[in-house]
Amino acid sequence: MTAVEVIDLSKHFTLRDGLKRTSLKAVDRVSFDLTPGRTVALVGESGSGKSTIARMLARLEKPTSGQITVTLDDKTPVSGSMYRRHVQMVFQDPFASLNPFHSIEHHIARPLILHHRTHGRTETHQRVLEMLTRVNLKPAEDMAARRPHELSGGQRQRVAIARALAPGAQVLIADEPVSMLDVSIRLEVLNLMARLQREDNLAVLYITHDLATARHFSDEVLVMFRGRIVERGPADDVILNPQHPYTKLLALAAPDPEKAGKIVSAEAAPDRKSLDNQVTYNHYTKQWTDPAGAVLELA
Amino acid sequence: MTDLTPTTEPSIGDAPDLLSAAVSDAGFKPRSAWRALLPTLTPWLAAGLGLVGVIALFGIIGPFFVQDPTIIRNIGLTAPSGEHILGTTQTGQDVFAQLAYATRGSLEIGLLVGVLATTLSSFFGILGAYIGGFADEAFSLFSNVFLVIPGLPLVIVISGFVPRAQRGLWTIAVVLAITGWAASSRVLRAQTLSIRNRDYVSAARVTGEGPLRVIGVEILPNLLPVLASQLVFAVISAILAEAGLAFLGLGASNSSTLGTMLFYAQNGFALPLGAWWWFIPPGLIIALFGTGLSLINFSIDEIINPRLKNARLYRKRRMAALRNAS
Amino acid sequence: MTLTTPDFPRRAAPSESRPVLTVENLTVVYEVEHPVTAVRNVSLTLARGEILGLAGESGCGKTTLAYAINRLHKPPARIVDGGVVAFHDKDGTELNLLTLADEELRVFRWDKLSMVFQGAMNALNPVTNVRAQLEDVLITHRPEMTKAVRRELAASVLELVGVDRTRLKSYAHELSGGMRQRVMIAMALLLEPQVMIMDEPTTALDVVVQREILREIVRLRDELAFAVIFITHDLPLLLEISDRIAIMLEGEIVELDTATNIYNSPRHPYTKKLLGSFPSLTGERGSFIRSGVSDDRASDTRTDHS
Numbered sequence: 000m001t002a003v004e005v006i007d008l009s010k011h012f013t014l015r016d017g018l019k020r021t022s023l024k025a026v027d028r029v030s031f032d033l034t035p036g037r038t039v040a041l042v043g044e045s046g047s048g049k050s051t052i053a054r055m056l057a058r059l060e061k062p063t064s065g066q067i068t069v070t071l072d073d074k075t076p077v078s079g080s081m082y083r084r085h086v087q088m089v090f091q092d093p094f095a096s097l098n099p100f101h102s103i104e105h106h107i108a109r110p111l112i113l114h115h116r117t118h119g120r121t122e123t124h125q126r127v128l129e130m131l132t133r134v135n136l137k138p139a140e141d142m143a144a145r146r147p148h149e150l151s152g153g154q155r156q157r158v159a160i161a162r163a164l165a166p167g168a169q170v171l172i173a174d175e176p177v178s179m180l181d182v183s184i185r186l187e188v189l190n191l192m193a194r195l196q197r198e199d200n201l202a203v204l205y206i207t208h209d210l211a212t213a214r215h216f217s218d219e220v221l222v223m224f225r226g227r228i229v230e231r232g233p234a235d236d237v238i239l240n241p242q243h244p245y246t247k248l249l250a251l252a253a254p255d256p257e258k259a260g261k262i263v264s265a266e267a268a269p270d271r272k273s274l275d276n277q278v279t280y281n282h283y284t285k286q287w288t289d290p291a292g293a294v295l296e297l298a
Numbered sequence: 000m001t002d003l004t005p006t007t008e009p010s011i012g013d014a015p016d017l018l019s020a021a022v023s024d025a026g027f028k029p030r031s032a033w034r035a036l037l038p039t040l041t042p043w044l045a046a047g048l049g050l051v052g053v054i055a056l057f058g059i060i061g062p063f064f065v066q067d068p069t070i071i072r073n074i075g076l077t078a079p080s081g082e083h084i085l086g087t088t089q090t091g092q093d094v095f096a097q098l099a100y101a102t103r104g105s106l107e108i109g110l111l112v113g114v115l116a117t118t119l120s121s122f123f124g125i126l127g128a129y130i131g132g133f134a135d136e137a138f139s140l141f142s143n144v145f146l147v148i149p150g151l152p153l154v155i156v157i158s159g160f161v162p163r164a165q166r167g168l169w170t171i172a173v174v175l176a177i178t179g180w181a182a183s184s185r186v187l188r189a190q191t192l193s194i195r196n197r198d199y200v201s202a203a204r205v206t207g208e209g210p211l212r213v214i215g216v217e218i219l220p221n222l223l224p225v226l227a228s229q230l231v232f233a234v235i236s237a238i239l240a241e242a243g244l245a246f247l248g249l250g251a252s253n254s255s256t257l258g259t260m261l262f263y264a265q266n267g268f269a270l271p272l273g274a275w276w277w278f279i280p281p282g283l284i285i286a287l288f289g290t291g292l293s294l295i296n297f298s299i300d301e302i303i304n305p306r307l308k309n310a311r312l313y314r315k316r317r318m319a320a321l322r323n324a325s
Numbered sequence: 000m001t002l003t004t005p006d007f008p009r010r011a012a013p014s015e016s017r018p019v020l021t022v023e024n025l026t027v028v029y030e031v032e033h034p035v036t037a038v039r040n041v042s043l044t045l046a047r048g049e050i051l052g053l054a055g056e057s058g059c060g061k062t063t064l065a066y067a068i069n070r071l072h073k074p075p076a077r078i079v080d081g082g083v084v085a086f087h088d089k090d091g092t093e094l095n096l097l098t099l100a101d102e103e104l105r106v107f108r109w110d111k112l113s114m115v116f117q118g119a120m121n122a123l124n125p126v127t128n129v130r131a132q133l134e135d136v137l138i139t140h141r142p143e144m145t146k147a148v149r150r151e152l153a154a155s156v157l158e159l160v161g162v163d164r165t166r167l168k169s170y171a172h173e174l175s176g177g178m179r180q181r182v183m184i185a186m187a188l189l190l191e192p193q194v195m196i197m198d199e200p201t202t203a204l205d206v207v208v209q210r211e212i213l214r215e216i217v218r219l220r221d222e223l224a225f226a227v228i229f230i231t232h233d234l235p236l237l238l239e240i241s242d243r244i245a246i247m248l249e250g251e252i253v254e255l256d257t258a259t260n261i262y263n264s265p266r267h268p269y270t271k272k273l274l275g276s277f278p279s280l281t282g283e284r285g286s287f288i289r290s291g292v293s294d295d296r297a298s299d300t301r302t303d304h305s
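Protein chains in written order, with numbering that gives the first Met the number 0: chain X, 0 to 298; chain C, 0 to 325; chain Y, 0 to 305.
Only chain X is shown next, with the shape it has when bound in the complex (with noise of 0.2 Å):
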């Protein structure tokens, strides 16, 4: 059982537009936790920083500031070597997060042999097609000799996530893990991932743009603005009863069905740009904060 904290996270990129220089802030002080068992959403629009904290999470990318801490049940922390067997990520284009060149079985040997989880070639081959029929690929012996593009989408999408759980890992970073699988495919790979933290107690930090299927894939939802957590609580919490502005124009322009007919409907939209991105909403605590933490009072 792995659990992660992460305190303060900031990531910062320097523009520079000629001589001047500007800081943009991609991600500013956020924190969160993730632990076994439990799902937490992180929902944004594209530009709002949730795959910079994924890209930190999964260490491809360096904090400016703040702190990640994983630790073992028993609180020890993970050293830096092991951080990799615990903290894996699922990527959200299926077509390109497989290398068209190598098998099936060389994306799920790999880690297997880098992370010792087997030893020798006849073990490692028995895991690879135990992963596969984990994860419903059958028949793994012939899945397993197929390259990446004699499978669909979301045959792929089950292999990254084989290839997530091969060395172990304990936290699993999903970062649009559906969005650009066919919609009628979603469905199933969602719910083998609810199945796999089931069956291992996974903490697992779904990111997504897509509103419906964090409320229902998802225990905890941290909603993310400009580099900003703007609003976090209970899934149902946040979405159906939203407090901060962004959440509620997030809320009104999600296509709902029973919605039917009404789209040219008179409800004013709050404007875009007097969204204030400092202010948190936080169910849990019914309270809202500025950055540093501490409570405002507001009307």
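Hints are not guaranteed to be accurate.
[Claimed, not checked] Under the rule of at most 27 Å between Cα atoms (straight-line distance), these lysine-lysine pairs were calculated in the BS3-like manner: (1) X:K74 x X:K24; (2) Y:K73 x Y:K111; (3) X:K137 x Y:K271; (4) Y:K73 x C:K315; (5) Y:K111 x Y:K146; (6) X:K61 x X:K74; (7) X:K19 x Y:K168; (8) Y:K89 x Y:K111; (9) X:K247 x X:K24; (10) Y:K146 x C:K308; (11) Y:K168 x Y:K146; (12) X:K137 x Y:K168; (13) X:K24 x X:K61; (14) X:K61 x X:K19.
[What the hints assert, rightly or not] Looking from chain X toward chain Y, a few residues come up when the C-beta cut is under 10 Å (computed): (15) R15; (16) F31; (17) G46; (18) G65; (19) G152; (20) I184; (21) H215; (22) L239; (23) A250; (24) L297.
It should be emphasised that the hints constitute simulated quantities derived from the structure, not laboratory data. Backbone N, C-alpha and C fix where the C-beta goes; we use that ideal spot for every residue, glycine too.
Dock chains C and Y against chain X, hints included.
This is chains C and Y only, laid out in the frame that chain X set:
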């Protein structure tokens, strides 16, 4: 004028599900990675391989079967006859024998320079692009400088500078490689940058692969078609460059190549004297070899860009349909 | 197997009952190494002023269908003989789009039927400003128009789609994604076509901007009474704006009905599956399983490649 035609056309690549269904329905067995890298054997490829094969064979084993090309006879310039298939030079030397040795010489230098240049461009292009940051900037600047230096004048200067006695095959090869690697390195750098940013490379890093394995196992295999194409290109331009150098009298001193033959033909007034058997064969061999290599490169292009393959198959099928209809 | 309703519901406003576009038995094949039939015997009618939604997932052939109707398809795609695409002009003439000569097709395109492509926001010419591009269309198709009239028309159409006329001088890179998409829609509206085909016009946009664009499209349709074929995989979106919806699966239309009927009483198993894939934001969880139970289920109607 705004382009009102679509930039994203629906292509079969947009429907991989349908395609994989069609493929598996046709009872298609998965091919190994290496097999899939090979081009399909089209008439073009067959012609290219044929040309290259025949000429290479001629250069490699030809010299064992011909007369001694250096024997000087006092028959002077004679037209092709039974005894000398391609006639003789001004000094009575057998042209056919010279051709065999010259072809071998050109092939040697072409291959040598091709490999040297490709090694250099791979190093500066691929490694720099993978490391990124300052190394990438430095390597890129370095290759840009070399790209801008005018090649032929530099080669002439260096060749002229080195005394004739020391101007051996290796010297010329090194000089040609140094002046010719830069363009290829830009191409390889661009390809590596594009591959490096792909998700599967990031995924390999997240899995825990070290940088050397990432380059060797993830990036390099996807670079192979481009590398092969650059190598073929380097060989063609090496042979042509060397021929040019030799024609100017600046070639390797102790070896004989097709360019050298042309040099002597020029000096021996072959053209005004109408001795076509002396200058046409070497020129023809250079042209045919270049053509053969280019045809091979077109087939490699199909692997790099599968749309070309689909376009060819569409034409083929349409022709077949038209023939069946009529 | 298709389930189609023979007649479509009368809307409150339109005066004509004749359809504006009729497609009959259209089949398109991709001539690649293993030939693929992307569109299989598709027939549909488009009523004047109607919004017809075309829903389906990748590879179902909806984009290929749209391109084929317009004859914009390129090799290796090929339209098989026997199909008919008939355009019924409001002045009474009938055109068979598949047999039009090149010159007639060029005149027809954009004037009577226009299209907004996927990723159209990136089709704007980066080196000329918006006004020049709008006027280009007018110069090509309405050469008799004077410069002053052209200028005014370009400005008014831009305002029609909700972009201030001061943006006429802007270049493509100075506009946001949403604004560029509105410019593309304006370009498609310039010649007052009778049919507009929109291929995933909002997929690359943020959900908030998407909502604004959709509002514009419906409002414009109400004002100008043109018909729209709206292609997307986002079924809830179609349920909100379409009059009728056609569901495409593997090249065929498997269900074609009013939006209300599709939502309340879907008949084809694939339609039901598609509907079930979109959990309601505010309602029940549908088939989503948060806590993880066995997800082994019998293979469903869509050939199971997942």
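Q) Does the structure break any of the earlier hints, and which numbers would those be? A) 1, 10, 12, 15, 16, 18, 24
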